Amino acid sequence: MISRVVNYSGRSFFIQLIFLIGFVLLLSRLIYIQVFQDEFIKRQLDTRIALESHILAKRGKILDRNNRLLAVDVTGYTVIADLSLFKPKKNEISSLTSLLQINIDKMEKILKRKGHVEIIRHIGEEKKIELERLNIEGIFFKQNLQRSYP
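For the sequence shown, the working numbering begins at 98 and goes up steadily by one.
Note that these hints are calculated values from the structure, not bench results. The structure presented is a predicted model; accordingly, all values stated were derived computationally and were not measured. Be aware that one or more of the hints could be misleading.
Stated by the list, open to error - Keeping only pairs whose Cα atoms sit at most 27 Å apart, straight-line, the calculated DSS-like set for lysine-lysine is:
#1 K155 to K186
#2 K209 to K224
#3 K239 to K155
#4 K139 to K158
#5 K186 to K239
Stated by the list, open to error - Estimated spans, in silico, between C-beta atoms of each pair:
#6 L117 to L153: 56 to 62 Å
#7 I201 to I159: 24 to 30 Å
#8 K139 to S195: 28 to 34 Å
#9 L182 to D135: 51 to 57 Å
#10 L182 to V132: 49 to 55 Å
For each residue, glycine too, the CB sits at the ideal point set by N, CA and C.
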């Protein structure tokens, strides 16, 4: 039986050592960033996240052959409550329900949920202005378009 003697040159050992040290350094840096700098990375990520915005698509007016309007877009609003900020008093709930013409039981059912809740859809500009005058914290408005057929 012939035995083979493998001779490693110093060069190949040195290159393998360099690769091993580089891999260990890279791995230790990744662990350091993940463990000790996670808050910094989260802050950087939050500043770079793009905000979403929805653009309403306006539709054209529909006219008949005598130039009378058949269909037109009407701007409406959706009333949204952020329940983490919305802590209404009894008088605010009663004025809100009377203005929006909602049953008080339905409003109390809505207030038992969590997060952002749509209270009512498609209110007009006048009601929106009246709600803004009430200055209730946690009430927001989302603009939407509604098709009207006069």
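Going through the hints against the structure:
no.	hint	verdict
1	K155 to K186	violated, 38 Å
2	K209 to K224	holds, 24 Å
3	K239 to K155	holds, 16 Å
4	K139 to K158	violated, 47 Å
5	K186 to K239	holds, 23 Å
6	L117 to L153: 56 to 62 Å	holds, 59 Å
7	I201 to I159: 24 to 30 Å	violated, 40 Å
8	K139 to S195: 28 to 34 Å	violated, 45 Å
9	L182 to D135: 51 to 57 Å	violated, 28 Å
10	L182 to V132: 49 to 55 Å	violated, 35 Å
The structure shown violates the earlier hints numbered 1, 4, 7, 8, 9 and 10.
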